[in-house]
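> Letter by letter, the chains look like this.
Protein chains: 2
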Amino acid sequence: MALGLPEEARGHWPARRGGWSVSPVGGPGGRLVTIGVDFGTESGRVLLLDLGSGEELAVTEVRYPSGVIDRRLPSSGQELPPDTALQDPSDYLDVLYRGIPEALAAGNVAAEEVIGIGIDFTCCTVLPVTGDGTPLCELDQWREHPDAWVKLWKHHSAQPIADRLNMVATERGEAFLARYGGRLSSEWYFPKLIEIWQRDRPVYDTMSAFVEATDWIIWHLTGTLMRASCSAGYKACWSARDGLPSRAFFEAAYPGFPDPTEKLGTSFASPGRCAGTLRAEVAARLGLNTSVAVAVGNVDSFVSVPGAGVQSPGVFLMVVGTSICDLVIDRHEARMPGITGVVEDGILPGFFGYEAGQAAVGDMFAWFGSRLLGLKSGEAGSGGSWHEEFEREAAKLAPGASGLVALDWWNGNRTILGDADLSGVIAGLTLATTPVEVYRTLLESVAFGTRRITENFAEHGVAVREIVACGGIAERSALMMQLLADVTGLKVTIPDSSQIPARGAALCGALAAGSSRGGFDDFETAVLKLAPAMSRSYEPSKQDRETYDGVYSVFCALHDTLGRNHVEWLHRLKQLRRAALAPTA
Amino acid sequence: MALGLPEEARGHWPARRGGWSVSPVGGPGGRLVTIGVDFGTESGRVLLLDLGSGEELAVTEVRYPSGVIDRRLPSSGQELPPDTALQDPSDYLDVLYRGIPEALAAGNVAAEEVIGIGIDFTCCTVLPVTGDGTPLCELDQWREHPDAWVKLWKHHSAQPIADRLNMVATERGEAFLARYGGRLSSEWYFPKLIEIWQRDRPVYDTMSAFVEATDWIIWHLTGTLMRASCSAGYKACWSARDGLPSRAFFEAAYPGFPDPTEKLGTSFASPGRCAGTLRAEVAARLGLNTSVAVAVGNVDSFVSVPGAGVQSPGVFLMVVGTSICDLVIDRHEARMPGITGVVEDGILPGFFGYEAGQAAVGDMFAWFGSRLLGLKSGEAGSGGSWHEEFEREAAKLAPGASGLVALDWWNGNRTILGDADLSGVIAGLTLATTPVEVYRTLLESVAFGTRRITENFAEHGVAVREIVACGGIAERSALMMQLLADVTGLKVTIPDSSQIPARGAALCGALAAGSSRGGFDDFETAVLKLAPAMSRSYEPSKQDRETYDGVYSVFCALHDTLGRNHVEWLHRLKQLRRAALAPTA
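Chains as they are written, first to last, in the working numbering: chain A, 104 to 688; chain B, 104 to 688.
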């Protein structure tokens, strides 16, 4: 169950809260289990974790029936504006009510063995709700209002609002900006909230709260709204020391916009805390006891740090899926541009948690294979056969041989530029260019983007010594992992689990239960006990790195020209697209 | 048979050579016919033209069995270096010996009705030959030497040589440079010849001459080597006033390189002149009389000017096929950067003939459909069904709606940058980008490239008033033609013939025969009598042009950044590619 990192690479937890008990006590059946539920972009996964052995007893996946809603509203069929990405919250409940009973049956786990449950979610994925937690989009009166639906993390139409908030915050010298690399993202809480306030005031006025989906699920399970400090810290500009951005800031940017606490509240709970126990009707539907402890909700990327067994500065954890989230913890706070955010205790208590990332990864390859080339993927969930074929052929190509380079901005740039209005570029195309070369170039573009991010950390005093990568693509694309090593010059290690976020969520469920009920009282113990084994690692090739240094120099030139010095070029293309697609055009 | 241009738009020919006879006299059978043979990149086409009616009596096409040889040498299977493009000269003779008899049969034309033959060829397409005109690659001793084969126009591996010639010519202030927009192309005569001298000295020493394929065919037909002034003027830096670049220039660039006239000769004949009559054995194989007059060889693009009935300044003739050649004639000589060349009497006597162009057009769409998307084209010669489907769907999209822009440099940039080491770029890609959007973006990139060229002409005093477009894509892609009009703001007219170059070649055959034998004595008469009808025209849309002005501003920004100010970025990618593919790497 060791991560396989050298002993000296591991961080040490400070003694806190009067120490901790050494190991869980045995449950009545000799086995203690927690449930981790990981809500992704297209589906949710339920994991049952044996707290004694760290074994994954069962995993079930439930796809969201409505998936990502980006073309037409399901209720009315009305066309949605460009850069819209919505979801249906009833899809999330499907994951609980189908996924958990199926997992219990598959793992042959009895109700009395389950002591806790934790969840994690994409973020910032937010929805407007009534006072009793009912999503507005489930009410007939609001069902045809796009702004009443869940705004998925990659809903990008609030970019102009993010731009204005950034401009005003910069002008006013707002201190909070420094924690977010100098830029707020259109994916975050306030741009999405202000979009509703601007565009559909009745929805804004009617909602009692605008909540993260991760908080909404916990509310549903326990009957208690206890918002996570993690999502508030990274996505709503909240900090324990300074609270939220001031009303004066919002007034300066959007005169008349109400107090920011009105829909967000003022109280936030840290990871691993217990939010309550299961409501009776929920417990009955899930086939669990009402005594099951429910942890405060988590964000999928952040909870992957304890989930992967990482507890040490210098480890660059990459969660590689639809997009990439990068997480680094450090004892010291560095204010730097080009990160998504730094939050004290935001990932693990006692550390400053840094977040960065790349906005399109799995998404970009799905685009390449399905949308561009029209290839059919294999059986659902298998990763598809064309991926394997392209992976095999692309691995035969020599570095530099394609003459191509790409900017991986298919979904904008998350870091280090923080600009959703950037878009992807492929340069170096010739009549001899093959689809396999383009595929490899997209893999390389991800590695170059990662190198640019790690260099930004190093330039600002947060050294990165090695990479740990988890998530579906980290497991499936050996070529991408090798390219990451070759391009960055860092060793890349892959934990032996497909369910790192769910393991982190289940770990939080064990913290919520506490040692008195067979769980844990602190993260350090829990991470040490539940760390997954290492499956394999990739060492950088010196020779290939030299070739890639050459390609990377072109990548950086294009990156800085199109992403910084002449950002107006790609922005102009987006503006023209919006104008052309506007309904009244 | 009128081109359909307004009367005032037509140029007037100077009275010269003591006037001209008004119409051809009738032949023995009442019908006078000439043959035009158009040698393209993948095939040759034979046209029989009725000189009385201008009617196309028959057209046959013969594909080259070996096509473009760019991967492996047919004789030995040895791998060829990157940017190689060779051909087998025996393929050209197939066109004559299969195509002409088939056309005579199809058109029911008797040998005695044929009074002349003219040909045109891609250019600069050159081959080393012995003293009797035998191609070196047909001799066993030389067959496995890549440098013994025909170097096709798009053979680009001599780019470093072109770069060096340009540098030295600029340093020395060579006057000839100004006629070629300040840059020689790697596609031209001397870079290709010096490549042989550098790489395979025995081939260089053994060849008696290095001849344009167009001259080689005329030599084969008549037994006389009479080189065309047109190809020498545009591709070998020759001019009637100044001759060839000096030996001192070549000595400065490549010490020891022999006198440039050694393999090229010193005597060149202008278009429409008679090179001789058919050799007896050739006439017998073709089924023609030995009295048939053979015109000096032509270049496919230049001969399209008389072929399309164009005889007026201000008309921008585009020959749209594998690549685009742009031709403009003017009374005055303007020295300007960003053209391929300007040659006095190079296209029509009495005019300065300007050439510009775009290096990948049909090639780029073939790449998109066949190589990238893996689509099968339809029946050979039909243009393929996927083209039609994409054309139909792309026409439904609104200007600007894709958010994409491309630089059409899949085969380098011919003008206005003259740089074969540039490569294609697509910018603005998102997860929503569709293949149809990419297709339309490639069409738009061709139109933007054309606009940049027409603006360059206008900036230097050669005004362009309208576009006449011919060639396969001009006929098949109504969308590309409409985009050309919308983007440039110029009316686009399409002549009603698929065989414009072959018509020009046949016209030259009639000039070679002369009026005494039923042909013509001068271009003006011939062009007036033989101009094709206009098939249709496209008017620019003002509203679409405004949107495209926005996209074009981004095109120009990328064009100048990647093609001028930071040309080293795309060059670096090509260098890395060459290094990675080098056999010893």
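Check each hint, because a few of them may be wrong.
[To be verified] Listed below are the simulated BS3-like cross-link pairs for lysine-lysine, each with C-alpha atoms no more than 30 Å apart in a straight line: (1) Lys499(B) - Lys479(B); (2) Lys594(A) - Lys645(A); (3) Lys479(B) - Lys479(A); (4) Lys632(B) - Lys499(A); (5) Lys594(B) - Lys645(B); (6) Lys499(A) - Lys645(A); (7) Lys499(A) - Lys632(A); (8) Lys479(A) - Lys594(B); (9) Lys632(B) - Lys499(B).
[Claimed, not checked] Just the calculated beta-carbon pair ranges, DEER-fashion: (10) Pro177(B) - Glu496(A): 22 to 28 Å; (11) Asn392(A) - Lys499(B): 54 to 60 Å; (12) Gly592(B) - Lys594(A): 56 to 62 Å; (13) Glu671(A) - Lys645(B): 22 to 28 Å; (14) Ala209(B) - Gln181(A): 40 to 46 Å; (15) Pro177(B) - Gly180(A): 37 to 43 Å; (16) Lys499(B) - Arg639(A): 44 to 50 Å; (17) Ala501(B) - Asn668(A): 53 to 59 Å; (18) Gln646(A) - Asp663(B): 49 to 55 Å.
[Claimed, not checked] Residues of chain A placed beyond 10 Å of chain B at every Cβ, according to the derived structure: (19) Arg134; (20) Asp173; (21) Thr273; (22) Leu280; (23) Ser342; (24) Pro361; (25) Gly617; (26) Ala660; (27) Arg675.
Because the hints were derived from the structure by calculation, they are not lab data. Only a predicted model underlies this, so the values are computations on that prediction, with no experimental measurement involved. No residue lacks a Cβ here, since even glycine has one placed at the ideal position from N, Cα and C.
> Work down the list of hints and note, for each, if the structure agrees.
Against the structure, the hints come out as follows:
1. Lys499(B) - Lys479(B): Since the Cα atoms of Lys499(B) and Lys479(B) sit roughly 23 Å apart, the hinted pair holds (cutoff 30 Å).
2. Lys594(A) - Lys645(A): holds (12 Å)
3. Lys479(B) - Lys479(A): holds (18 Å)
4. Lys632(B) - Lys499(A): violated (60 Å)
5. Lys594(B) - Lys645(B): OK: Lys594(B) and Lys645(B) at ~12 Å, within 30 Å.
6. Lys499(A) - Lys645(A): Holds - the C-alpha atoms of Lys645(A) and Lys499(A) are around 18 Å apart, at most 30 Å.
7. Lys499(A) - Lys632(A): The given pair, whose Cα atoms are some 40 Å apart, is violated under the 30 Å limit.
8. Lys479(A) - Lys594(B): violated (43 Å)
9. Lys632(B) - Lys499(B): Given that 30 Å is the threshold and the Cα spacing comes to 41 Å, the pair is violated.
10. Pro177(B) - Glu496(A): 22 to 28 Å: Holds, at about 26 Å.
11. Asn392(A) - Lys499(B): 54 to 60 Å: For Lys499(B) against Asn392(A), whose Cβ atoms are near 59 Å apart, the range 54 to 60 Å holds.
12. Gly592(B) - Lys594(A): 56 to 62 Å: With a Cβ separation near 58 Å, Gly592(B) and Lys594(A) satisfy 56 to 62 Å, so the hint holds.
13. Glu671(A) - Lys645(B): 22 to 28 Å: holds (25 Å)
14. Ala209(B) - Gln181(A): 40 to 46 Å: Violated, since Ala209(B) and Gln181(A) (Cβ atoms, about 59 Å apart) do not stay within the stated range.
15. Pro177(B) - Gly180(A): 37 to 43 Å: violated (59 Å)
16. Lys499(B) - Arg639(A): 44 to 50 Å: With a Cβ separation near 49 Å, Lys499(B) and Arg639(A) satisfy 44 to 50 Å, so the hint holds.
17. Ala501(B) - Asn668(A): 53 to 59 Å: Violated, at about 30 Å.
18. Gln646(A) - Asp663(B): 49 to 55 Å: Roughly 36 Å apart at Cβ, these two residues miss the hinted range, so it is violated.
19. Arg134: Label holds. Min Cβ-Cβ 44 Å, cutoff 10 Å.
20. Asp173: Asp173(A) not clear of chain B: closest Cβ-Cβ about 8 Å, inside 10 Å.
21. Thr273: holds (26 Å)
22. Leu280: holds (27 Å)
23. Ser342: At roughly 33 Å from the nearest Cβ of chain B, Ser342(A) sits farther out than 10 Å, so the non-interface label holds.
24. Pro361: The claim holds: Pro361(A) sits with its nearest Cβ about 34 Å from chain B, beyond 10 Å.
25. Gly617: Gly617(A) clear of chain B: closest Cβ-Cβ about 43 Å, beyond 10 Å.
26. Ala660: violated (5 Å)
27. Arg675: Per Cβ check, Arg675(A) is inside 10 Å of chain B; nearest 5 Å; violated.
The structure fails hints 4, 7, 8, 9, 14, 15, 17, 18, 20, 26 and 27 (numbered hints given earlier, in ascending order).
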